[in-house]
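*Asks:* What follows is each chain in one-letter form.
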Amino acid sequence: MRNNYLVEAWLVIVLGVVFGGALAGVQATLADRIAQNKLDETRSQIPALVPGASKEASSEVEVDGVRVFRASSPEGQLGWVIPCGGQGFADRIELLVGVDLRVERITGLYVLEQKETPGLGAKIMDERLFRSQFAGKTAARSLVVTKQGAKTDREIDAITGATISSMAVCSIVNETLARVRDGLLAALPKE
Amino acid sequence: MSQTQTPANASAADRGPTAAERFINGILPENPTYRQMLGMCPTLAITNGMRSAMTMAAAVLFVLVCANAMISLIRGLLKPHLRILVFTLTIAAFVTIVDRLLAAYMYDMSKQLGPYVPLIIVNCIIISRCEVCAAKQSLPIAIADAVGQSLGFALALASIATIREILGAGTWFGLRVLPAAWPAWVIMVLPPGAFITLGLLMGSVNWFLARRQEARG
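Residue numbers (numbering that gives the first Met the number 0), protein chains in the order written: chain X, 0 to 190; chain P, 0 to 216.
Certain hints may be false.
[What the hints assert, rightly or not] Not everything, but these chain P residues come out facing chain X in the computed CB check (under 10 Å):
id: 1; residue: H80
id: 2; residue: T89
id: 3; residue: A92
id: 4; residue: F93
id: 5; residue: Y106
id: 6; residue: L118
Treat the hints as calculated values from the structure; they're not laboratory data.
Fair warning: this is a prediction, and the values are worked out from it, not measured in the lab.
Using N, Cα and C, we set each Cβ at its ideal position, and we do this for glycine too.
Let the hints inform the model, and build the full structure from the sequences given.
*Replies:* Set out below in structure tokens:
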């Protein structure tokens with residue numbers, strides 16, 4: 000009897016393997032191109048994430064195994080842009096976090112990829128409603144999500160109906176900053 | 000996701016329309032949006048502009064043609080109690096291919112459509128065509144049916160998107176068609192505009208059909 004289930008389901012199993020292989024092929028073919036698209040978008044966002052920085056003057060470096068961007072103007076480096084990601088409510092959220100040179104203040108936040116619920120969690124992409132409140136917040140202590148209205152420089156207002164997405168964004172930012180802070184400070188140009 | 004066949008579909012399957020008849024049926028007489036009321040989620044969500052609506056229509060065309068063709072080819076192997084699983088698996092595979100292709104070659108559009116591309120997997124139009132047509136018909140008929148239904152869907156999306164984009168932004172495919180002085184009706188590009196437009200269009204379609212039927216006596 001138990002054997003029968005496998006025999007019955009052979010078509011599903013074969014299709015699963017065939018489709019899995021085909022999708023792996025598609026992914027392998029297109030992955031470089033998709034990564035390049037994301038890199039182009041990341042570069043184009045640098046001036047918005049670190050005020051004063053320009054796309055041309057900024058450069059990509061690897062710090063502690065994490066690829067980050069030195070957000071610079073022609074006069075010198077102004078801050079960092081850190082690509083990062085983690086689990087959201089529905090799927091992986093990928094972010095760009097802009098911080099100042101000494102990793103004391105967040106200067107900007109951008110959502111590179113998300114598949115949160117349209118109309119609720121997807122509002123994390125909204126500049127005016129959500130993302131703009133990150134600029135000026137502390138990067139030295141971890142951020143907390145509040146529903147009572149953010150008062151201090153470490154509080155972030157949750158999006159109504161999307162508390163989990165809001166918290167996911169904050170925890171990705173917190174974890175990333177905690178992980179890369181020392182590396183970034185060590186990689187600063189000596190004055 | 001509804002698996003019940005509408006009476007029109009059931010009788011059509013019994014009579015066994017030809018490939019050409021199925022193709023024509025999909026466009027207007029059995030239009031997936033206006034006559035079958037299927038696939039309402041993308042119809043409401045991505046019709047605020049012609050560009051996104053037509054990208055969605057093209058994605059659905061690709062997925063529906065591939066899924067129908069695949070199901071038609073393996074229809075002899077399907078077991079009744081496992082067929083829905085096979086349909087879903089097939090549809091999901093093709094949708095993932097579309098999603099990756101969009102991310103690689105139409106990155107901005109892919110970001111704009113966001114989760115609505117993966118959501119094509121649960122678009123009832125596709126699974127209903129697999130069930131009603133592809134699982135029982137030969138390859139040419141299944142493909143003709145898929146193309147007809149997709150064109151019907153594209154037509155429905157275009158009708159709604161045209162009204163919403165012109166009234167809501169004064170543009171069509173991003174090109175300005177109304178004078179810049181036009182006070183863009185923001186509500187038309189927001190979700191309420193989708194419901195209002197769809198409701199009015201569906202009402203007009205039904206009114207028009209009812210009148211035609213009366214005229215015939």
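*Asks:* All hints are to be evaluated individually against the structure, with a verdict given for each.
*Replies:* For each hint, the structure was consulted:
{"no.": "1", "hint": "H80", "result": "holds (8 Å)"}
{"no.": "2", "hint": "T89", "result": "holds (7 Å)"}
{"no.": "3", "hint": "A92", "result": "holds (4 Å)"}
{"no.": "4", "hint": "F93", "result": "holds (9 Å)"}
{"no.": "5", "hint": "Y106", "result": "holds (4 Å)"}
{"no.": "6", "hint": "L118", "result": "holds (9 Å)"}
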